[in-house]
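Here is how the chains run, residue by residue.
Protein chains: 2
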Amino acid sequence: MIDELSALRRIKERFRNVSKSVIMGIGDDAAAVQIHPEKQLLVTTDSQVEDVHFIKRQISAEQLGRRAVAVSVSDIGAMGGVPKFFLVSLGFSKDYGEDFWEGLMDGFEAAGREFEMELIGGNISASERLFVDVTVLGEVEPDIMVKRTGASAGDIIYVSGTVGDSALGLKALLAGGKEDEYLVGRYTAPQPRLALGRELAKRKLVSSMIDISDGLILDLERITLEHGLGARISLGQIPLSSSYRRRISDFMPDPYQLALSGGEDYELLFTSTEGNAGDINEVSKILEIPVTEIGHVTPEPGIILLDADGKELSIERRGFIHFSS
Amino acid sequence: MIDELSALRRIKERFRNVSKSVIMGIGDDAAAVQIHPEKQLLVTTDSQVEDVHFIKRQISAEQLGRRAVAVSVSDIGAMGGVPKFFLVSLGFSKDYGEDFWEGLMDGFEAAGREFEMELIGGNISASERLFVDVTVLGEVEPDIMVKRTGASAGDIIYVSGTVGDSALGLKALLAGGKEDEYLVGRYTAPQPRLALGRELAKRKLVSSMIDISDGLILDLERITLEHGLGARISLGQIPLSSSYRRRISDFMPDPYQLALSGGEDYELLFTSTEGNAGDINEVSKILEIPVTEIGHVTPEPGIILLDADGKELSIERRGFIHFSS
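Residue numbers (the working numbering), protein chains in the order written: chain A, 1 to 325; chain B, 1 to 325.
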């Protein structure tokens, strides 16, 4: 086991604070940073807990470290912001050993590079079960910040990329299949849609936005139902990857249930007025990130799913779709 | 067990964001706050982990919640800053039940009131063992921020309040003794020295400062040894509470070992030039917080302890004092 002091020394060496906006980085009582005076500070925190969010055998230490940062970064993207700094609070067990520790650090370092952020602080605790709690600080211009509230009846609902991959990837991983590289990668190495969220916000193209962490339907409810609105979604328009289409029947009889309820894709779900469709497609093309129209916001609360024939399917409860009608 | 949605709803109701500087509080992808344009942002995070930092039987849920916040607030105080906002990342097990949950929330609410901060976000995860990870955001004027570095040879070393109480309180608690209310309270309800840290910083009276979380000697090393300096400390000047003096012999043969190595007192340890002694005493009197001179900074690395006769005692290793000489 690495003792706390040498761990801290090595962390300081590895995560040098080079940005001028970091006044005090790792190693004092608190970190001190300079926030752009005309911007708002964004803060979000998220945890990865052993045997809850991950199983040690199924993810490498480096993947885990990067993933823990990526899921918090995704929240900054969903506000239209730019991540700037991060802190890691680690519950670490000596059972994990030094290789795992170094792997985690590799993951944090990779995430820092990828998302252009600096690690400015954190905490190491002993803990029987590993947990990685990441706080990300970001910035956003006050006039472009995108909230979960803001959708209006008639707005078009869009989703980026494809959904269900991560949940299916996890199933494939648990089944031991090594052949599903793409799907497994969507679970182990989620790609927050930072550039897309940012560009949509900068161009003021979206009325509400959220990243899909808990499943399409549940997160859709958060931008509609929770504000007294509803949605009509066409099942046939839900974007599914070719890997998902090919493999889903090996795991579940219905192809849509996991796509609608499986979380952790970290795709963006957003709403926009009809008139913005052209601009949204342009952003999608420029960034080479697919964006798909899946339905629209309704004035009546309730999520309605339509099958290929336009027939309504009912949703029995949050996050679980009942295909009975 | 409380489900996540109703938990979130209740949290939003309980922790209403009223400050104008909170642009987006609990419930969106990230919180958004306005930081004073001429101040630096301070950020710190700290965890309380079940069976590591606390044992469920020995602390109430409310005490635990308040304590988890207080220890992070203490870090802001040690920089000379003012806490403004906090986020809580909770690993919660269903074994704990609703009463414990409500107690924790009571603790967060009490801490928010006490330290004049707003809860602006957080995260709830399942976790077999409870953990409470608190991130505190604060502000400080750039020219008064106090770092751990900054002490010079010849500086006087001061400590606030008394030391060893919390460690002895925990021992008393584990021994089941209910009579040691003061000592136990020092463990269960630590009092960060926010006002003292702030006033010392505002008057620019200190060259370095740290809060004592890991024991007097270890934290003293962090402001001296780690920067190539040393310290001479007079044992007889170490401030001990009357409860500590009365009870320590029931637990340990030596009265000083726990005072020097027992952590979690969250007192401030700081250095200052000799000329500031009068002003420091004045601050201590105004705030009614005792401040005691315990020694001075030396140019040679190494911590030297002097007994009542001025005889040098040796420290065998970090945090453990060997009284052999």
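It should be emphasised that the hints constitute simulated quantities derived from the structure, not laboratory data.
Bear in mind the structure is a predicted one, so any value in this text is a computation, not a measurement.
Be aware that a few hints might be false.
Copies of one chain are not kept apart here, so a pair can be met inside one copy or by any two copies together.
Stated by the list, open to error - Simulated crosslink set (DSS-like; lysine-lysine; CA at most 30 Å straight-line): (1) K94 - K20; (2) K202 - K178; (3) K178 - K39; (4) K204 - K12; (5) K12 - K56; (6) K20 - K311; (7) K12 - K202; (8) K204 - K285; (9) K311 - K285; (10) K202 - K285; (11) K39 - K285; (12) K39 - K202; (13) K12 - K94.
Checked hints:
no. : hint        : in the structure
1   : K94 - K20   : neither (36 Å within a copy, 45 Å between copies)
2   : K202 - K178 : neither (40 Å within a copy, 60 Å between copies)
3   : K178 - K39  : neither (45 Å within a copy, 52 Å between copies)
4   : K204 - K12  : between (39 Å within a copy, 28 Å between copies)
5   : K12 - K56   : within (26 Å within a copy, 34 Å between copies)
6   : K20 - K311  : neither (58 Å within a copy, 47 Å between copies)
7   : K12 - K202  : between (35 Å within a copy, 29 Å between copies)
8   : K204 - K285 : within (17 Å within a copy, 56 Å between copies)
9   : K311 - K285 : neither (32 Å within a copy, 77 Å between copies)
10  : K202 - K285 : within (16 Å within a copy, 54 Å between copies)
11  : K39 - K285  : within (28 Å within a copy, 41 Å between copies)
12  : K39 - K202  : both (13 Å within a copy, 26 Å between copies)
13  : K12 - K94   : within (21 Å within a copy, 37 Å between copies)
Comparing the model with each numbered hint stated earlier shows that hints 1, 2, 3, 6, 9 do not hold.
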